[in-house]
Amino acid sequence: MIEDLILAKYNYWIYVTLMMIGFYAVIAKKNLVKKVIGLNIFSTAIFLFYISIGDVIGGTEPIYIHGEHVVYVNPIPHVLILTGIVVSVSITAVALALIIKIYEEFGTIEEDQILELQS
Amino acid sequence: METIITIKPLLAVLIPLICAVLIIFSSKHPNIRDGWSVAAGVVLFLTVLSMLPDILAGSVIQFTVIEMLPNLPIKFKVDAFGELFGLTSSFLWIFTTFYSIGYMRSLKEHAQTRYFFCFSIAIVGAIGIAFSANLFTLFLFYEVLTVSTYPLVIHNETPEAMSGGRKYLLYLMTAGIFLFFSVAAVYYYTGTTDFAFNGILDGHGIPVVMLKILFITFMIGSAKAAFMPLHSWLPSAMVAPTPVSALLHAVAVVKAGVFTATRVILYVFGVDLMGETGIGLMMAYFVCITIIVASFYAMTHDNLKKRLAYSTVSQLSYIVLGVSMLTPDGITGGMLHIPYHAFMKITLFMCAGAIIVTAKMENISEMKGIGRKMPITMLAFTVGAMGMAGAPPVAGFVSKWFLLLGSVELNQLPILIVLLASALLNVAYFFPVIYTAFFQKPDKELTFGEASPFMLVPLTLTAIGSLILGIWPDAPYLFLELVNVAVQNVTTGGI
Amino acid sequence: MIWSLDIAMLFFLVVAALAAISVKDLLSAVIILSLYSLIMAIVWVELRAVDVAFTEASVGAGITTVLFIFALVRTTGRSED
Amino acid sequence: MKEEDVIIRTVIRLIVPFIQIFGLYVIFHGGSGPGGGFQGGVILAASMILYVMAFGVTGGRRKLTEKTNMIMRSTGVLIFSGIGLLAILFGGKYLDYGAVPLPFIHHAAEVRALLIDGGVEVGIGITVMAVMVTIFLEFYPGGTSDD
Amino acid sequence: MIFDNAPALVVIFPLIAAITVPIIGYYNKRLIPYYVTLVIFCSFIFSISNLRTVMQTGSISYTMGGWEPPFGIEYAIDYLNGFVSIVVIFIIFIVSIYAKKSVEQELPGRTINFYTVFLLLTAGLQGLIVTGDLFNVYVFLEISSIAAYALVSVGKSRDALMASMNYLIIGTVSASFILLGIGYLYMVTGTLNMADLADRLPLAFDERPKVVLAAFAFFLVGFSIKVGLFPLHTWMPDAYSLAPSAVSAMLASTFTKVAAYVMIRVMFTIFKPDFIISTVHAHTILAWLAAIAIIAGSVLAIAQTDFKRMLAYSSVSQIGYIILGVALMNQIAMTGGVIHIMNHGIMKAALFMVAGAIIYKTGIRNINDFKGIGKTMPYTSAAFTLVALSMIGIPPTVGFVSKWYLALGAIEAGMWVFVGVIMLSSLLNIVYFWRVFENMYFYRAEGGKVDEVPLSMLLPILILAALTFLLGVLALYPLKEIMAPMVQIILPG
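Residue numbers (the numbering used here), protein chains in the order written: chain W, 1 to 119; chain D, 1 to 495; chain L, 1 to 81; chain V, 1 to 147; chain U, 1 to 493.
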């Protein structure tokens, strides 16, 4: 029972832990760069979850080998996550560009200090 | 019953609408602009009048503009009751327009284009309400009327005008929201909102509790009729210029309120349903309170316009009282009081306005001896005041007579007592005005004469009109004949 | 899948994530984040998602880190939390 | 120019072509193995980024001007979406590469494979590279682009 | 032939155009606005063609690359998204006309970037609407969100940067939630195609109910943030009020509406009404949240003095209407909710455009400084008056139509409380809009000369204002021809 719950699904436990770590950083950290780091951890954790879904025990890489019948792992989550990574890096880029602009305008990237500077 | 389909009702609504547009475009030329108003008034009145013979012959005129939502068309239907209100408003609108021109020009008011624009839109609302064939159309024009009269009320744009205007808007818009709910509920229960002579709600098996709640929301919805707990917008709207008050009190707004209340009582609920559920009698007693209390309020005010306002509150409830009696005589009295009160009240307001413009007086206690300087104005005022009290030979006597008959027919002694008592109270608060004007000596030399003919002629004419209506009420093509048709419609279910 | 390696990698993943969000020096945080991405890529190889691991290694650990670093160059390297 | 700069520059000058060839390999290999336009594009971009880091923005701009970069950004997308639109033009559905009539090849599957490997992946690769370089230059100190 | 591919073209067209904008801009910058407007107009034509096809031959299923669903990516169009697609692209079309002058003033020298991102946003929104694939929803959601973050950040005030940053963080978290939800559904069903998912979900729910419930919860939270439902609305006021005028008009009138559409799609096409009503009871929670949103949004709007901020809070309240209509779970209310997507889109676009026009001409944002604008900008003010009356719900405007259906739907559901909420909110609407009227028209201001915005800004405002009236009067056609079959599909019974 306990093995089932913890060992067999440790990927899922780790993904939840990582997600919480990322989420914590997004919410609790005042530094904007830290927030973005948190977002990255958050989304990577979800990617880990997706990859774990597609995993088949005893399966092989989803690369077509001519003429052989083998069990592949499900490739669809991989494709999805490729897209996800692109999205994630775009968001990071936009966020960092914003942070640079914010630093130019406010001279700081700490959220609480910016809030004081705002009218 | 014959149904005639012509475009006339739509025309009646469109004429002032077009006039409003023309007013905007000729804002640079005051003479042309005011000419439009007058012309529109006359054409409108003739259009409405042209429908009268058919209505008196027992027909109904109908025109569907467009079906806006499923089974919820914008539709006009002119029946006897609608024609009664339409005729009253369009006729008196001509007088208020003349009077407005005189008033605005003599005071050199600002924003006259806006004023006349809104004035035209207001009559669109009133005529639309009069001719609407269903609750939905009525609601539409009800809101048009509210929105268009707001700029008129706050025309002076002083802080007290603004706060008075806000109160006006808050009350009437809230009323609109309640009316909206009521219309939606009626539609939900019956699938239609078309007025029927025997009531829409009859025969749909709606629980009595629901009916009572619906009636209450409807009555809150017709807060334009200024029933007592919802009346206080009317006195605060007195910050408006006097022609606006005349419009509010006689032509459009409050009459639209009682018109709506009557439509609801007779054409939505129906005589039968009102009687069976006992809502009618409940309502009758309820408005009796307003009649009495408002009269007392009137006595406490020294400001002439405020006093007239409370008098309106009280008089409007006569109309609803008559209708709530649900007896033929009662309904006749109530309906008849719509045009009669309009004639008398417009006279009173125009007199008050004339006094304000020429004598610069607003309080009754200041008006010592002005009867000698403005004899025609004050005579007209006396006629109006007598009518209010129900003294013959002025119009008010006729309607009150029918009301008394109705209360006797209903065998309700308390209502009879209320009617008589209120007549006395009317005398009590109008007599001091006449007394002060004619019999008290002025404190200082009075250096003014009668008001300009623009103002004097209309008020004289309406005073004479009130007299004619009182002396010869059953003249052909006059209001009593219309009311008889209307009463016959609702009491027989339109057969 | 070698599960002991797997467990070890996942353990490092959590450690790296915690370190990345708690280090005060932002440059270190970013480098640790890149390390985190690399470990993640290894985990994915183990899960037979070679394609994704490839991408994560080049994009997550590569481009993202470069972007972060240059963003830090143009702003400030210190964080108050 | 400092001593270490020379080493770095020389090494980078040597290594960049190899990285670029690897990038191209990854791009063209996408249909049948790990990799593809996106990863290859990133690798190409990485080579450019290395170059800029060693030789500065002006040095980098000599190799890849703003105008070229912008045109690459657009044409890359135009290539892969254009091939998709070609399919529409020949009566197929969008992205239905099999519908495009190519000379000498008549198998829909082969047409599809060829177009994906030779067209779509290349388009993606070009776009990704150009976009990545643009973003990088946006962040690089002193390298802000025109706006 | 080209119209056979219209489902894909509504997305592809603006996408490709977005890429070509820099090329055109490189040669002639002045051409860009016209080019963008033309592209969006074409997309609009395709949208119309889509809905026409739906009305003539039933739902469209368009498969990408010839892979049949559920394997390939499918674009599925029925009455609901055909309708939303037209509404959204039409509003964007109008905004694109308006944007020309407004962008010239607010973002000098950045037109190329602005229009590129503008078209990206358009493509993303259209993609969100037409796609029948759940993962595509995520991708398009992120494309349009990134575009939106970028557009918000270029607002004039420096606070816009922080607004955009907050928007980005909240938006990304919500998108991640949606991604998780998609993952959970994929885990139990093995498919991402919406129609296929709907078929397999009942079985999956029997096997692993908790996973399905978790997926639903993630969707609910994720979309609630994107829609801006009350307690999760915090990003909205800042983002809408600080963005450039054209962007405010566009975002407020399209983005949240599209998110609401996707929410309806996920709730009703994938999870089915029965599941929501009998298994998770989500409709009760949603309806109450919506009711709170309606009231709270209006009350907060009253507290604002900044015109655009007031409009943003009004959006919070109007979103509540849409969600309330959806959550009451009957056909009438659903009609009201969905038609409010159109109505509010038109009205909010017009209002934000008016705000932008006033800022363009006078730079005034504070309502109390609006005195005399009724005289100097008569047409803008008149349009504002009409639209605000529609927001209040005066017939025969579009605002009345939605309120009418919502009230009827609430009565039908037997929820009198919500009838009261709708009535109360109308009153609150009056309070906050009337303040603007008063200041515009009624305080005697020094008589200024008529000084209107350029025609290319005025015309869109007037068109939208006219539409609030015309679509109200002619509401029967869309109601009968589009709404009735649509509601029958998504909420049978």
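It is possible that some hints are incorrect.
The following residues of chain V were derived to be distant from chain L, with all beta-carbon distances above 12 Å [as the list claims (entries may be wrong)]:
hint, residue
1, F18
2, Q20
3, V42
4, I43
5, T58
6, R61
7, I71
8, L86
9, I135
Okay, the calculated bits of chain L under chain V, using three or more residues with CB under 8 Å as the criterion [unchecked claim]:
hint, segment
10, 35-43
11, 48-58
No lab work stands behind these hints, which were simulated from the structure alone. Where is the CB? At the ideal position from N, CA and C, for every residue including glycine.
How the hints compare with the structure:
Listed as a non-interface residue, V/F18 keeps its Cβ farther than 12 Å from every Cβ of chain L; the least gap is roughly 15 Å. The beta carbon of V/Q20 sits about 14 Å from the closest Cβ of chain L, which is more than 12 Å, so the claim that it is off the interface holds. Against the 12 Å criterion, V/V42 falls within the reach of chain L, whose nearest CB is about 5 Å from its own CB. Distance check on V/I43: its Cβ comes as close as 6 Å (rounded) to a Cβ of chain L, failing to clear the 12 Å threshold; non-interface status is violated.
The beta carbon of V/T58 sits about 17 Å from the closest Cβ of chain L, which is more than 12 Å, so the claim that it is off the interface holds. Every C-beta of chain L lies more than 12 Å from that of V/R61, the closest at about 17 Å, which supports listing it as non-interface. Non-interface call for V/I71 relative to chain L: holds, since the shortest CB-CB distance, roughly 22 Å, exceeds 12 Å. No beta-carbon of chain L comes within 12 Å of the beta-carbon of V/L86; the shortest separation is about 27 Å.
Not every C-beta of chain L lies more than 12 Å from that of V/I135, the closest at about 7 Å, which undercuts listing it as non-interface. Check result for the segment 35-43 of chain L against chain V: violated, 0 residues qualifying (beta carbon to beta carbon below 8 Å, three or more required). Counting residues of the segment 48-58 of chain L whose CB falls under 8 Å from any CB of chain V gives 5; the rule of at least 3 is met.
Going down the numbered hints, you'll see the structure goes against 3, 4, 9, 10, while the others check out.
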